[in-house]
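*Asks:* Sequence:
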Amino acid sequence: MSRAGLSVTADKDTGVAVVTLDRPDRLNAIDLDLRDQLVAAWRELRFDDTVRAVVLTGAGERAFCTGLDRDAVVPQPNSPYMTDDPLLHVGPKANDLWKPVVAAVRGMACGGAFYLLGEADFVVADPTATFFDPHTTYGMVSAYESMLMALRMPYGEAARMALMGSAERLSARRAHEIGLVSEVTEPGGALAAAVDCAAVIAGYPAEGVQGTVRALWAAKEAALAQAFAQAPHLIALGNLPGERQAELFRARRRDHRVR
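Just add 84 to wherever you are in the sequence shown, counting from 1, and you've got the working numbering.
If you are wondering where the hints come from, they were derived from the structure by calculation, not from laboratory data.
Among the hints, a few may not be true.
Claimed, not checked - Calculated pairs, EDC-like style, for lysine to aspartate or glutamate (alpha carbon to alpha carbon, straight line, at most 16 Å):
#1 LYS177 with ASP106
#2 LYS96 with ASP132
#3 LYS96 with GLU241
#4 LYS96 with ASP133
Said to hold, decoys possible - Now the in silico label distances, taken between C-beta atoms and shown as ranges:
#5 TYR165 with ARG244: 30 to 36 Å
#6 HIS173 with GLU252: 28 to 34 Å
#7 GLN314 with GLY240: 18 to 24 Å
#8 GLY295 with LEU318: 20 to 26 Å
#9 PRO289 with THR93: 40 to 46 Å
#10 PHE312 with GLY287: 21 to 27 Å
#11 GLU331 with GLY292: 31 to 37 Å
#12 GLY322 with GLU128: 35 to 41 Å
#13 THR167 with GLY292: 35 to 41 Å
#14 ASP117 with VAL284: 31 to 37 Å
#15 GLY295 with ASP109: 26 to 32 Å
Cβ coordinates follow ideal geometry from the N, Cα and C atoms, glycine included.
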């Protein structure tokens, strides 16, 4: 399956599908069309028994994903009680896919990318991978992203990344040291390494693998459900108006630290 913005290829021999965010000119940022394609892809993969493991990656060398496309227009109900988060259901677990998903990260992974990484089962990274969360820099609350990362990283590291905003980037090496990344490959090797891992997993009986994926997620989904219930209120209270966010974005400084 391939449409503008998303590519899905499957190897029937290995049982591995590769889902590729394919907007390299936009640093694989997610617009509403790509969001809908991802939801459709995860749901289609639920029914394809020839696919037993999935690799998620981004096209190009510059970025895995840079979150929500800032040009995306997100319609909102005229009510403070019904706020729609455009990326809340963009990941595999949110779409009831309990096949293992391995993320292969090259270049930047930031902001809304953590909706995807937070629902991957583990992450393989190229040495060029960098992870950061720019929300606070632009007057926004990092809510869902921080909640997901707080269950993937030591609390202090998740807090530092969220609070430092775009001023600091977490290197692949540091991400591996703290457990966000399970493996740092040779340059250019993340996708191949992730596919190799997925092929091993796909070779095992699917029932046991999928039950293990479900069990691992069960260990943290109760905490996420409670945290997510607070997120809309925190965002509504803490976000600057959109025009002020845009001003800060236009005036952003490009200096940052990598650790």
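*Asks:* Now look at each hint and say whether the structure bears it out.
*Replies:* Verification of the supplied hints:
no.: 1; hint: LYS177 with ASP106; verdict: violated, 21 Å
no.: 2; hint: LYS96 with ASP132; verdict: holds, 10 Å
no.: 3; hint: LYS96 with GLU241; verdict: violated, 39 Å
no.: 4; hint: LYS96 with ASP133; verdict: holds, 10 Å
no.: 5; hint: TYR165 with ARG244: 30 to 36 Å; verdict: holds, 33 Å
no.: 6; hint: HIS173 with GLU252: 28 to 34 Å; verdict: holds, 29 Å
no.: 7; hint: GLN314 with GLY240: 18 to 24 Å; verdict: holds, 21 Å
no.: 8; hint: GLY295 with LEU318: 20 to 26 Å; verdict: violated, 34 Å
no.: 9; hint: PRO289 with THR93: 40 to 46 Å; verdict: violated, 24 Å
no.: 10; hint: PHE312 with GLY287: 21 to 27 Å; verdict: violated, 35 Å
no.: 11; hint: GLU331 with GLY292: 31 to 37 Å; verdict: violated, 53 Å
no.: 12; hint: GLY322 with GLU128: 35 to 41 Å; verdict: holds, 36 Å
no.: 13; hint: THR167 with GLY292: 35 to 41 Å; verdict: holds, 39 Å
no.: 14; hint: ASP117 with VAL284: 31 to 37 Å; verdict: holds, 34 Å
no.: 15; hint: GLY295 with ASP109: 26 to 32 Å; verdict: violated, 40 Å
Hints 1, 3, 8, 9, 10, 11 and 15 from the list above are not met by this structure, while the remaining hints are.
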